[in-house]
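Chains A and B are the protein sequences, given in the same order.
Here our numbering = 1-based position in the first sequence + 3.
To convert, note that position 199 of the second sequence is 189 in our numbering; the numbers rise steadily by one, no gaps.
I should point out that these hints are in silico values taken from the structure, not numbers from a laboratory.
Model, not experiment: these values are computed from the prediction.
Some hints could be false.
Computed cross-link-like contacts, SDA-like style, restricted to lysine to any residue with a CA-CA straight-line distance of at most 20 Å [said to hold, decoys possible]: (1) B:Lys193 <-> A:Lys44; (2) A:Lys270 <-> B:Lys258; (3) B:Lys258 <-> A:Leu197; (4) A:Lys270 <-> B:Ser260; (5) A:Lys242 <-> B:Asp262; (6) B:Lys196 <-> A:Val259; (7) B:Lys111 <-> B:Glu170; (8) B:Lys258 <-> A:Lys33; (9) B:Lys258 <-> A:Glu196; (10) B:Lys193 <-> A:Gly278; (11) A:Lys33 <-> A:Asp304; (12) A:Lys44 <-> A:Asp180; (13) A:Lys33 <-> B:Met47; (14) B:Lys258 <-> A:Ser263; (15) B:Lys193 <-> A:Leu197.
Listed below are the residues making up each chain.
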Amino acid sequence: MSAPLIEIIGLSKAFPLRGGLFGGIRGDVKAVTDVSFSLAKGDVFGLAGESGSGKSTIARMIMGLTHPSAGAILLDGLDLTGLPLALARSKAVQMVFQNPGSSLNPRRSIGQSIAVPLEARKIARADVERGVARLLDMVQLPADFSTRYPHELSGGQKQRIAIARALAVEPQLIILDEPTSALDVSVQAKIIELLNELRRSLGLTYIFISHDLSLMRNFASRVGVLYLGRLVEEGPTRKLFEAPAHPYTRSLLAAVPVISAEEEAIKPKAPIVEGEIPSPMNQPPGCAFHTRCPLAFGLCDQQNPEAYWLDGDHFARCHLLAPDAASLGAKPIETLKGENAG
Amino acid sequence: MTGEPLLSVRGLSVDFSTYGRRSQVLRDVSLDVPAHRHVALVGESGCGKSVTMRTIMGILPTPPARIVCGQILFDGRDLLAMRPRERERLRGTAMSMVFQDPMTSLNPVFTIGDQMATILKYADRRLGRVRGRRGRMARIFEVLGQVRMPDPERIARSYPIMLSGGMRQRVLIAMALLSEPRLLIADEPGTALDVTTQAQILKLLKDLVEDRGLALLMITHNLGVVREAADYVYVMYAGSVVEHAPTADLFARPSHPYTHALIDCVPKLSGDTTFRGIDGSLPDYTAPPAGCRFSPRCVLATALCDRPPSDRPVSAGHLAACWHLAEAAP
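Could you build all of it, start to finish, from the sequences and the hints given here?
Listed below in structure tokens is the structure:
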């Protein structure tokens, strides 16, 4: 394997929690704790997890919009965390947001909006115009779109414009934060197809944030599952979906509504998890998932599990995977088979 | 389906006038929702799901909307022919609605208990029922229990901000249940929530239909949710129902080219999805195609499609409005 394009090492973010009479720091909200992953050029890394799991905080740290409390973000071997915020990395890392409607200025024509990042690169005016036309062509929109305004565009077209703007600075890495969740499936399919084509033709690398696991299965090459700011399982997409090891990943997959019997058959047989994700303000001790885990045993509320490697490239953080788990009173994961609550 | 359905929409057409132009939004929509059944109306944004739902509930602003023709039979009586006061009495009592957004549908400055008490007071007044404050609170706790909220007393004292998204969605369902409705209309239930919470909400709705004999009409864009939860499905495109079938039949034999294309667009958990999408976009409602409204985007379209297609049988209870059913079938 070649050297990774981006390497995230022990990334953590704790927001101070203020309160009381004098607004002193009372504690902290651990939004992201000790997250590490790396990805090679041309990869799509999927970050999955429920709301509040820390997906967006990780994206913001890579973009330089939030300063990490600890850890390093290496891009091509260069640590970004020491660099001045946003500025230095804006050329290499770009982001496409969830809501294409609100990320475009309604008073600027599409051409003007796309020209902003080009002008920031101090490109001659004539070249800017050519650049806008070329970017519109890259996202498969006709050149006359440059004179239109955002309100004249459909959701899918607006998202294409957002992608064009991200491409304007010729980035190496694009962070896609729920890029299609506001769109209809027929439009989503078109956008995903476009992103795949751009990745192949321009050699782009993506970090793809989504709560739609079915979409992730078809788009990401590696997937990391977050729970309360920790990466609980990570591996190549195929392995993670076909042999999920962490009880949280299993119940997440079991809850995905699917449209065919074939998909139903490959879903893990796990009961619907009760309750909701706890607040990151008061995280449970031990494994953060033990309060909802159907297989929790003695060790789980005591000690945070380490990462156990299932293969060379697939790990999960769960005490059940410890070689001596059975002797400590753990039920094997397989005991849940056939007990599907749904 | 056996027996008279509780809700039966017959040939409903609705126009909108906007800026002097007339949009022909709903065209000849018919659907049935019997008691003890969970029926889904599925379609993409702009297909007329919400207009259908609002027309049924009688909360469509007229003008700009105008009901051109059709009947909405509730328990055999036409809602559209009723006097306004009579219809008012049914709304929020025998038929009620679960709103979509659990974040914005609750008033942030009143407690859950206060908001529910107001709803109950109005429902009681419409039904001519008398109930004291204590009786109301008892009913509120009972309903919060029915939606499986732990500690109803505490929830009733809470403000919306103190509850999670899933709990707020349960509160909205509880609010709809206060007046013991026979028909529940749910607009995108659980779509703003995480999958695990969404699964809990769908299970709750399913139990309400089974245990309490409710007739449930669910509006959604999510085919996975439809397959997971509904008994019977209506697929809508550009203001018309293009196909309807028992849920299992629809997914086993999608017969209208639109249903087909839509199912192809949904990412599969098994990983074998080709992201083709559907070319083109929704027709202009002010000048829609005279015949099949999907024909401009349809791969099978011929001159035949310039005439409006009528429902043609695929199998028992499974119908599709397409001239080319034979070719469309897999």
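Comparing the hints with the structure gives:
At roughly 43 Å between alpha-carbon atoms, Lys193 of chain B and Lys44 of chain A are farther apart than 20 Å, so this suggested pair is violated. Taken as a hint, the Lys270 of chain A and Lys258 of chain B pair is honoured in the structure, with Cα atoms around 11 Å apart against an allowance of 20 Å. With a C-alpha separation of about 18 Å, the suggested pairing of Lys258 of chain B with Leu197 of chain A holds against the 20 Å cut-off. For a cut-off of 20 Å, the pair hint linking Lys270 of chain A to Ser260 of chain B stands: about 9 Å separates their Cα positions.
With a CA separation close to 15 Å, the supplied pair Lys242 of chain A and Asp262 of chain B stays within the 20 Å bound. In summary, the hint linking Lys196 of chain B to Val259 of chain A is supported, as the alpha carbons are separated by about 17 Å, within the 20 Å threshold. Our distance criterion of 20 Å between C-alpha atoms is met by Lys111 of chain B and Glu170 of chain B, whose separation comes to about 13 Å. Of the supplied pair hints, the one linking Lys258 of chain B and Lys33 of chain A is violated, its CA atoms being roughly 34 Å apart against a limit of 20 Å.
Annotation: proposed proximity of Lys258 of chain B to Glu196 of chain A holds, straight-line Cα distance about 15 Å (limit 20 Å). A C-alpha spacing of about 13 Å is found between Lys193 of chain B and Gly278 of chain A, which places the hinted pair at or below 20 Å, so the restraint holds. For a cut-off of 20 Å, the pair hint linking Lys33 of chain A to Asp304 of chain A stands: about 18 Å separates their Cα positions. As the CA atoms of Lys44 of chain A and Asp180 of chain A are separated by approximately 19 Å, the hinted pair is consistent with the 20 Å bound.
For the proposed pair Lys33 of chain A and Met47 of chain B, the alpha carbon gap of about 45 Å is over 20 Å, so the pair is violated. Distance hint between Lys258 of chain B and Ser263 of chain A is fulfilled; the C-alpha atoms sit about 8 Å from each other, no more than 20 Å. Between Lys193 of chain B and Leu197 of chain A the CA atoms are separated by roughly 36 Å; this puts the pair beyond 20 Å, and the hint is violated.
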